[in-house]
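Protein chains in written order, with my numbering: chain H, 1 to 122; chain X, 1001 to 1106.
Warning: the hint list may mix true and false statements.
[Claimed, not checked] Calculated pairs, DSS-like style, for lysine-lysine (alpha carbon to alpha carbon, straight line, at most 30 Å): (1) H:K43 to H:K67; (2) X:K1102 to X:K1044; (3) X:K1052 to X:K1102; (4) X:K1052 to H:K43; (5) X:K1018 to X:K1044; (6) X:K1106 to H:K43; (7) X:K1044 to H:K67; (8) H:K3 to H:K43; (9) X:K1018 to H:K67; (10) H:K3 to H:K54; (11) H:K54 to X:K1018; (12) H:K3 to H:K67; (13) X:K1102 to H:K54; (14) X:K1106 to H:K3; (15) X:K1018 to X:K1052; (16) X:K1106 to X:K1044; (17) H:K3 to X:K1018; (18) X:K1106 to X:K1018; (19) X:K1102 to X:K1018; (20) X:K1106 to H:K67; (21) X:K1052 to X:K1106; (22) X:K1018 to H:K43; (23) H:K43 to H:K54; (24) X:K1102 to H:K3.
[As the list claims (entries may be wrong)] Here are some, though not all, of the chain X residues that point toward chain H, as calculated from beta-carbon distances under 7 Å: (25) P1008; (26) M1011; (27) F1097; (28) G1100.
[Stated by the list, open to error] Take a look, some chain H residues computed to stay more than 12 Å from chain X by CB distance: (29) F27; (30) T28; (31) W47; (32) K54; (33) N63; (34) G68; (35) Y82.
Everything labelled a hint here was simulated from the structure, so no lab data went into it. This structure is a prediction, so every number in the text was calculated from the model and none was measured. Note that beta-carbon positions come from the ideal geometry of N, C-alpha and C, so glycine has one too.
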Amino acid sequence: EVKLLESGGGLVQPGGSMRLSCAASGFTFTDFYMNWIRQPAGKAPEWLGFIRNKANGYTTEYNPSVKGRFTISRDNTQNMLYLQMNTLRAEDTATYYCARKGGARYWYFDFWGPGTMVTVSS
Amino acid sequence: EIVLTQSPTTMAASPGEKVTLTCRASSSVSYMHWYQQRSGASPKLWIYETSKLASGVPNRFSGSGSGTSYSLTINSMETEDAATYYCQQGSSYPLTFGSGTKLEIK
């Protein structure tokens, strides 16, 4: 059974940093692209970026809205995905999800974690 | 960036009623994907590659469309279908979602 479980959320001050983690199980982690997606309360999800699989060199792509502030990484020995967030702003307040890329060719997200909430406030 | 516009924003349907949700893209996309999100839960893949039902999705659901216009149809509304539905395009970066349609039961 595929499982994704995020952790590391909480309250952080504006300008601060936070690192989120996602523990993956139930599939061959290195075979899949992994994503971070966030969703402010009552709003639509926003894709933040992904990290490619082993076959594609674990390179990354980001949404321009967070490029330069957010960094995605993975530890393939521990089946962990990370999101490092710097210079946080109030508008970064949201529930953050990790999600697996589903299609080999087409971009959709077939499994999501339950999410971890991040609140940026003084 | 491709903007996805969903309509209606909110709607209510009676049990047994046929429901159609639409998603329009600002530029042509190859496929559309749909997610169902119940209150307090994470989104679930519901329909992928425009018309394929995700595992466990009842066959009263269907998807169709091409180019800039896509739709999700429920043949006969059931209570458990009340949720918010989001469309998502994967044709170009950044990947984007629609603003959602909240579907309620009458």
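Here is what the structure says about each hint:
1. H:K43 to H:K67: holds (21 Å)
2. X:K1102 to X:K1044: holds (15 Å)
3. X:K1052 to X:K1102: Given pair X:K1052, X:K1102 holds - Cα atoms ~21 Å apart, limit 30 Å.
4. X:K1052 to H:K43: holds (26 Å)
5. X:K1018 to X:K1044: holds (22 Å)
6. X:K1106 to H:K43: holds (23 Å)
7. X:K1044 to H:K67: holds (26 Å)
8. H:K3 to H:K43: Holds. H:K3 to H:K43 sits at ~25 Å (cutoff 30 Å).
9. X:K1018 to H:K67: With a Cα-Cα distance of about 42 Å, the restraint between X:K1018 and H:K67 is violated, given a limit of 30 Å.
10. H:K3 to H:K54: Measuring from Cα to Cα gives roughly 20 Å; hence the hint holds.
11. H:K54 to X:K1018: With a Cα-Cα distance of about 45 Å, the restraint between H:K54 and X:K1018 is violated, given a limit of 30 Å.
12. H:K3 to H:K67: holds (27 Å)
13. X:K1102 to H:K54: violated (38 Å)
14. X:K1106 to H:K3: Given that 30 Å is the threshold and the Cα spacing comes to 35 Å, the pair is violated.
15. X:K1018 to X:K1052: With a Cα-Cα distance of about 19 Å, the restraint between X:K1018 and X:K1052 holds, given a limit of 30 Å.
16. X:K1106 to X:K1044: Holds, at roughly 23 Å.
17. H:K3 to X:K1018: Roughly 34 Å separates the two Cα atoms, so the pair is violated.
18. X:K1106 to X:K1018: With a Cα-Cα distance of about 13 Å, the restraint between X:K1106 and X:K1018 holds, given a limit of 30 Å.
19. X:K1102 to X:K1018: Between X:K1102 and X:K1018 the Cα gap is close to 15 Å, so the pair holds against 30 Å.
20. X:K1106 to H:K67: violated (43 Å)
21. X:K1052 to X:K1106: holds (28 Å)
22. X:K1018 to H:K43: Answer holds: X:K1018 to H:K43 is near 26 Å, not above 30 Å.
23. H:K43 to H:K54: Given pair H:K43, H:K54 is violated - Cα atoms ~33 Å apart, limit 30 Å.
24. X:K1102 to H:K3: holds (27 Å)
25. P1008: Hint violated; X:P1008 Cβ to chain H Cβ min 15 Å, cut 7 Å.
26. M1011: violated (17 Å)
27. F1097: holds (5 Å)
28. G1100: Given a least distance of 5 Å, the restraint on X:G1100 holds.
29. F27: holds (14 Å)
30. T28: About 18 Å separates H:T28 from the closest Cβ of chain X, which puts it past 12 Å; holds.
31. W47: Incorrect as stated: the minimum Cβ-Cβ distance to chain X is 4 Å, not above 12 Å.
32. K54: The assertion about H:K54 holds, with a minimum of 21 Å to chain X.
33. N63: Given that some Cβ of chain X is not farther than 12 Å from that of H:N63, nearest at about 4 Å, it is violated.
34. G68: Holds: least Cβ distance 14 Å, greater than 12 Å.
35. Y82: Holds, since 19 Å exceeds 12 Å.
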